[in-house]
Structure formats: C-alpha cells, structure tokens
Amino acid sequence: MTNSEGMGGEPPSAVPATPGSRGMALVVDDESSNRRLLGAMLKREGFAVTEAENGHRALELFEQSPPDIVFMDVMMPGMDGFEATRRIKTLSGMDFVPVIFLTALHDDQSLIRCIEVGGDDSLSKPFSFNILKARIVAMERVRDLHRSIAAKSRQLAQLVEMDRQEQKLAERIFSYAVNDRNVALEQLILLQRPATTFNGDLFLSQYLPDGSLRVLLGDFTGHGLAAAIGALPVSDVFHVMTRKGVGDEAVLDEINRKLYRVLPPDRFMCAFMVTFPVGGGGMIWWNGGMPDGLICQANGVERLASHALPLGILPELSPGDAPRRRSMGVGDRLVLMSDGLIEARDDNDRMFGEAVWPGLIDGWRHGSGLMEALCQALDDHCGDAEQQDDIGAVEIPMMPGLFGLPHAEDMAHQDDSCAFSLILRDDRLAPIPCLSGLLCPLGLMDVLKAHKGPLQTILHELYSNALDHGILQLPSWMKATPEGFSAYYNERERRIAAGISGSIRVDLSYEPGTQVDRVRMTITDSGQGFDVDRPRDALDASVKPWGRGIALVRELCESVTYSHQGTQVEAVYLINRAMSSSPPA
Numbered sequence: 001m002t003n004s005e006g007m008g009g010e011p012p013s014a015v016p017a018t019p020g021s022r023g024m025a026l027v028v029d030d031e032s033s034n035r036r037l038l039g040a041m042l043k044r045e046g047f048a049v050t051e052a053e054n055g056h057r058a059l060e061l062f063e064q065s066p067p068d069i070v071f072m073d074v075m076m077p078g079m080d081g082f083e084a085t086r087r088i089k090t091l092s093g094m095d096f097v098p099v100i101f102l103t104a105l106h107d108d109q110s111l112i113r114c115i116e117v118g119g120d121d122s123l124s125k126p127f128s129f130n131i132l133k134a135r136i137v138a139m140e141r142v143r144d145l146h147r148s149i150a151a152k153s154r155q156l157a158q159l160v161e162m163d164r165q166e167q168k169l170a171e172r173i174f175s176y177a178v179n180d181r182n183v184a185l186e187q188l189i190l191l192q193r194p195a196t197t198f199n200g201d202l203f204l205s206q207y208l209p210d211g212s213l214r215v216l217l218g219d220f221t222g223h224g225l226a227a228a229i230g231a232l233p234v235s236d237v238f239h240v241m242t243r244k245g246v247g248d249e250a251v252l253d254e255i256n257r258k259l260y261r262v263l264p265p266d267r268f269m270c271a272f273m274v275t276f277p278v279g280g281g282g283m284i285w286w287n288g289g290m291p292d293g294l295i296c297q298a299n300g301v302e303r304l305a306s307h308a309l310p311l312g313i314l315p316e317l318s319p320g321d322a323p324r325r326r327s328m329g330v331g332d333r334l335v336l337m338s339d340g341l342i343e344a345r346d347d348n349d350r351m352f353g354e355a356v357w358p359g360l361i362d363g364w365r366h367g368s369g370l371m372e373a374l375c376q377a378l379d380d381h382c383g384d385a386e387q388q389d390d391i392g393a394v395e396i397p398m399m400p401g402l403f404g405l406p407h408a409e410d411m412a413h414q415d416d417s418c419a420f421s422l423i424l425r426d427d428r429l430a431p432i433p434c435l436s437g438l439l440c441p442l443g444l445m446d447v448l449k450a451h452k453g454p455l456q457t458i459l460h461e462l463y464s465n466a467l468d469h470g471i472l473q474l475p476s477w478m479k480a481t482p483e484g485f486s487a488y489y490n491e492r493e494r495r496i497a498a499g500i501s502g503s504i505r506v507d508l509s510y511e512p513g514t515q516v517d518r519v520r521m522t523i524t525d526s527g528q529g530f531d532v533d534r535p536r537d538a539l540d541a542s543v544k545p546w547g548r549g550i551a552l553v554r555e556l557c558e559s560v561t562y563s564h565q566g567t568q569v570e571a572v573y574l575i576n577r578a579m580s581s582s583p584p585a
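Residue numbers for the sequence shown follow the UniProt record's numbering, so the first one is 1 and each next one is one higher.
In case anyone wonders, no lab produced these hints; they're calculated from the structure.
The structure presented is a predicted model; accordingly, all values stated were derived computationally and were not measured.
Hints are supplied without guarantee of correctness; some may be wrong.
Derived DSSO-like pairs: lysine-lysine, alpha-carbon spacing no greater than 27 Å straight-line [said to hold, decoys possible]: (1) K43 - K125; (2) K244 - K449; (3) K258 - K89; (4) K452 - K258; (5) K43 - K133; (6) K258 - K244; (7) K152 - K168; (8) K452 - K244; (9) K89 - K43; (10) K89 - K125; (11) K89 - K152; (12) K168 - K125.
Beta-carbon label-pair distances, calculated as ranges [to be verified]: (13) G383 - R154: 30 to 38 Å; (14) H307 - R164: 38 to 46 Å; (15) S128 - E83: 57 to 65 Å; (16) D347 - K133: 51 to 59 Å.
Using N, Cα and C, we set each Cβ at its ideal position, and we do this for glycine too.
Given the sequences, and given the hints that come with them, work out the whole structure.
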C-alpha cells in the first residue's frame with residue numbers, strides 16, 4: 001500500500017512529546033513508507049515505535065516485548081492481519097493490548113471480520129490523523145481501565161486466597177477445639193461434609209462418669225462460619241456437664257440458655273441427643289427440630305420424630321419437651337442425620353430424601369450397617385451438583401461392651417476440676433460480682449443449682465470485706481452502734497463516689513471427688529491487709545458485733561483461711577454427693 005493510498009497526507013505539526021512516554025506501539029504494514037510515516041506521527045505523540053513488515057515478524061516482536069498498542073494492516077503477504085491479530089490476542093491472555101486495524105478495505109464483511117478476530121477498532125485508508133489520534137486516546141482509556149480492573153482483580157484474588165488460608169487455619173484450630181474431646185470414634189460411623197470451610201453441623205460424644213455414652217448431633221441455622229460459631233459454647237457445656245454426670249435434661253437446659261444468650265434471634269440449633277446407659281438395654285433420646293432418627297431392629301425400622309423446639313429459640317425449654325426412653329437390643333443400630341442430607345439435590349433439583357432415601361431405608365436389614373450404602377447413594381445422587389448445605393450423619397451400632405469404659409472407676413477419679421478467675425479494678429470494683437457470672441463459663445449452673453444460695457452468700461461476704469476494709473480502708477469499729485452503721489455506709493458511698501483505686505481478684509474452682517465435691521473460692525485484694533497471726537479469740541473480740549457475715553461464712557464452709565497479710569481469704573465449700581440435692585443446713 002503506497003503512502004498516497006494509505007495515510008492521507010502528512011501529520012499535523014505539533015509540539016512533540018517525549019518518545020516512549022505513552023508506551024510502546026507496534027506498527028504492522030508491508031509498505032515501509034506507511035510504517036515510517038505512521039511511526040513518525042506516533043513518536044511525535046509520545047510513543048516508542050517498533051515496526052513489522054508482516055504477521056510473522058509482528059508475532060516475533062510481540063513475544064520478545066509486548067507493546068502497549070498495535071496498528072495492524074490487513075492485506076500482507078504470508079500471514080495477513082486477521083491471523084496475526086487472532087494470535088496476538090491469544091498471546092495477550094488476560095492483558096488487554098488494543099489492536100487498531102488500518103485498512104483500505106471498505107466492505108462490511110471485512111470490517112466485521114476485523115472485530116471477530118479480536119480487533120478493537122478500525123480505520124479505513126485514507127484517514128485523518130486527528131481522527132486516528134482520537135481513536136488512540138479512546139483505546140488508551142479502555143486499556144488503562146482494563147489494567148486498573150486487572151490490578152484490583154489480582155489484589156482481590158490475593159486477599160481471597162489469604163482469607164481462604166486464614167479460614168483454613170482457623171477451621172483446623174476450631175475443629176480441634178470442638179472435636180478433640182470426642183470419644184468412641186472407633187465404633188461410631190460418621191459422615192461430615194461441610195458446604196464451606198466451616199461446618200455448621202456439630203457432632204459431640206462423651207462418656208459419663210459411670211461409662212455411659214452420650215452423643216449429640218446438632219445443626220445450626222445456615223452454614224459456614226456464621227453457623228459454626230455457636231459450636232464452641234455448646235461443646236464446652238456438653239463435655240463438662242457430661243463428664244460430671246449431669247442428667248440429659250439439665251444438659252439440654254444449659255445449652256439452650258447459653259445459645260439463647262449468645263445467638264441473635266434468627267439463629268438457633270436443631271439437635272438430637274441420645275444417652276446409652278452403661279448397663280445396656282435402652283437409651284434416652286431427645287429430638288429438637290432434627291429429621292427423624294432411625295432405629296433398625298429385628299422387627300423393622302422405627303422413626304424417632306422431633307418432639308421439641310430447637311435449642312436457643314426460647315429462654316427455657318418447655319416441661320413437655322423432656323427426653324424420652326426407648327429400648328434397644330444387641331445388633332440394633334441407630335442413625336441420626338441433619339436436614340442437609342435429606343435436602344441434598346442432584347442436577348435435576350431432586351432431593352435425596354425423596355428420590356433415594358425411601359428405597360435405601362427399605363433395603364436396610366437388622367444387624368447390617370447403613371452408612372456405606374448411604375455414602376455411595378449420596379455420591380451417585382449428587383454427582384457434580386453444588387452442595388447447598390452442611391451434611392452430617394452418624395450411625396451407632398449396639399454391640400456388647402461398646403459403651404462401657406474399660407476402666408470406668410478411673411474415669412470417676414480423674415482430674416475433672418475446672419477454674420475461673422475474674423479481676424476487677426478501680427471504678428469497676430463497686431458492684432459485687434454475681435455468682436452466675438462465675439459458674440456459667442464453667443458450665444456449672446445446673447451442677448451447683450441447689451447450692452447457689454449459700455455460694456452467693458459466701459461470695460457476697462468475702463468480696464464486701466475485701467472492698468470495704470481492703471480497698472476503701474473503712475474501719476469495722478464504726479459499726480459498733482446503730483448510729484455508726486449509718487455513718488459507716490454513708491462514708492462508704494462517699495469514698496466510692498470520690499473514685500476507687502485498687503483491684504480485687506476472684507478465683508473460683510470446682511473440684512469433684514469420689515464422695516464429696518468442693519467449691520474453692522479465693523478473694524485477693526490490693527489493700528494493706530491485717531495481722532493474720534493474732535490469736536483467734538482476740539480477732540473475734542475485735543470484730544464483734546459487726547463480724548456476723550464472716551461468722552456465717554465459717555458456718556457454711558469447710559474452712560476459711562486468711563493469708564498474705566490478710567489480703568487474701570480462701571473459703572472451701574463442701575458438697576456431699578449423697579446429699580447433693582440440698583445445701584448444708
């Protein structure tokens with residue numbers, strides 16, 4: 001193509017820009033005069049220019065150093081502009097390198113083909129340099145926008161990958177914290193398939209002190225992290241209370257209360273909990289909102305339907321929602337599942353519970369397992385369909401010795417103690433801590449329910465003494481007369497209002513034993529203390545008639561001991577297991 005045919009005259013004069021300031025331009029044309037003329041104009045516009053006389057040479061230069069924009073002739077010997085552009089776009093990959101066709105062809109089909117092979121714009125020769133400059137500016141805008149989006153996409157991809165790795169690490173730690181205390185995993189057959197990194201279906205198992213086995217399968221609202229976050233408090237309550245031998249109803253009550261406090265109103269946990277007594281012969285079961293549990297016995301398959309609300313909806317469970325009892329024999333099998341299994345869909349949007357589940361149950365025979373066939377049927381049904389919800393199931397076979405611990409007596413004697421500490425400072429010292437705030441983190445609200453009154457009295461008296469005499473430095477002799485009592489408490493309020501400086505630490509521990517349990521309460525203040533080595537009689541005489549609170553604490557406790565120059569007092573409260581239903585008289 002000659003210059004007179006192609007470029008439409010000399011480029012208009014202008015102040016030249018620095019060559020290369022706008023990037024690299026690749027000019028592809030079989031006519032050297034066209035290349036020189038267009039190259040000169042592009043250099044004046046701030047481009048560095050490379051030239052290629054045909055499509056093959058253009059590809060070589062592109063692979064050596066990809067340009068920022070390409071100007072492509074169509075009719076060239078060897079590889080024409082159409083094929084060269086198609087290959088350039090392939091080499092560009094996700095990068096956007098604009099290609100502007102400069103062609104003498106004017107028919108519609110040629111112009112359409114320019115776009116089809118990947119061209120981004122076209123100009124018919126002869127053309128105006130001003131129009132070409134405008135087209136270049138337009139392509140640069142598109143290119144820069146694409147580069148900006150690509151850079152942000154790469155940054156987003158890095159953040160997504162970082163988040164995925166962090167979630168994967170968090171899930172490993174989370175799963176370890178939730179699942180590490182589970183027992184009997186060699187005998188129980190589990191199916192757990194989370195829809196995302198975090199599993200909203202929860203499986204827990206634990207032995208009671210006598211060797212009985214308790215199992216819970218839970219399903220939180222939704223799936224992923226938002227669903228799984230409630231698993232930690234449920235796991236803590238379940239394991240602590242089960243290992244201490246707390247009954248099924250009390251465990252469910254405490255889990256329900258904790259979830260009601262922790263979860264937002266639109267979140268709750270469906271659950272199926274079952275306890276197998278160590279002597280065998282039956283089970284205690286509770287179904288709150290879960291699919292039917294299935295028992296396969298010699299006379300067929302029986303369903304254990306939901307009879308209670310899920311946990312965490314109401315502040316208290318209904319009295320009519322109590323756990324139920326059911327007989328089971330050797331060779332029987334119990335299968336529990338979440339609704340994610342029943343509602344798993346195939347590519348035709350058919351649910352597993354409707355298309356496959358009935359036939360699978362019909363073929364289940366006494367003494368044989370179901371889980372292997374269930375997993376295979378689930379895989380065949382779902383195929384490559386995207387999993388919409390967490391899937392969880394457990395199969396529990398009844399067999400001799402499955403639920404009895406080899407050394408159940410060791411279980412009762414092992415260290416099941418737990419402890420909680422609370423430190424209050426300065427302006428937060430005035431309100432006396434509530435006992436529930438110390439028992440709830442340990443899962444002991446139901447365990448010590450009958451002893452809450454005496455324990456609250458002990459906490460109140462010891463903490464008050466530490467605050468009044470240790471921190472506020474109020475003298476006891478002020479309460480020697482009725483008028484003194486009034487003056488004492490007026491002065492107390494005045495000192496609190498003026499600002500408190502100091503700290504009080506409350507330590508509470510629960511220490512179960514074989515015959516008796518102990519609750520150890522220690523109060524430590526940052527005050528000046530007193531002489532703990534004074535004779536007992538002299539100490540009692542010095543505090544009367546205002547020492548009735550400590551005298552009451554001594555009557556309630558096994559022991560009350562002062563140490564650390566009087567800044568620390570330890571009270572040990574005794575619980576006789578044979579009389580644990582009521583506090584000491």
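Going through the hints against the structure:
1. K43 - K125: 20 Å, holds
2. K244 - K449: Given pair K244, K449 holds - Cα atoms ~14 Å apart, limit 27 Å.
3. K258 - K89: 60 Å, violated
4. K452 - K258: With Cα atoms ~18 Å apart, K452 and K258 stay inside 27 Å; holds.
5. K43 - K133: Roughly 12 Å between the alpha carbons, so the hint for K43 and K133 holds.
6. K258 - K244: 18 Å, holds
7. K152 - K168: 24 Å, holds
8. K452 - K244: 17 Å, holds
9. K89 - K43: With a Cα-Cα distance of about 24 Å, the restraint between K89 and K43 holds, given a limit of 27 Å.
10. K89 - K125: 23 Å, holds
11. K89 - K152: Cα-Cα ~22 Å, so holds.
12. K168 - K125: Roughly 59 Å between the alpha carbons, so the hint for K168 and K125 is violated.
13. G383 - R154: 30 to 38 Å: About 33 Å separates the Cβ atoms of G383 and R154, which means 30 to 38 Å holds.
14. H307 - R164: 38 to 46 Å: 41 Å, holds
15. S128 - E83: 57 to 65 Å: 28 Å Cβ-Cβ, so the 57 to 65 Å window is violated.
16. D347 - K133: 51 to 59 Å: With Cβ atoms ~54 Å apart, the hint holds.
Of the numbered hints given earlier, the model fails hints 3, 12, 15; all others are met.
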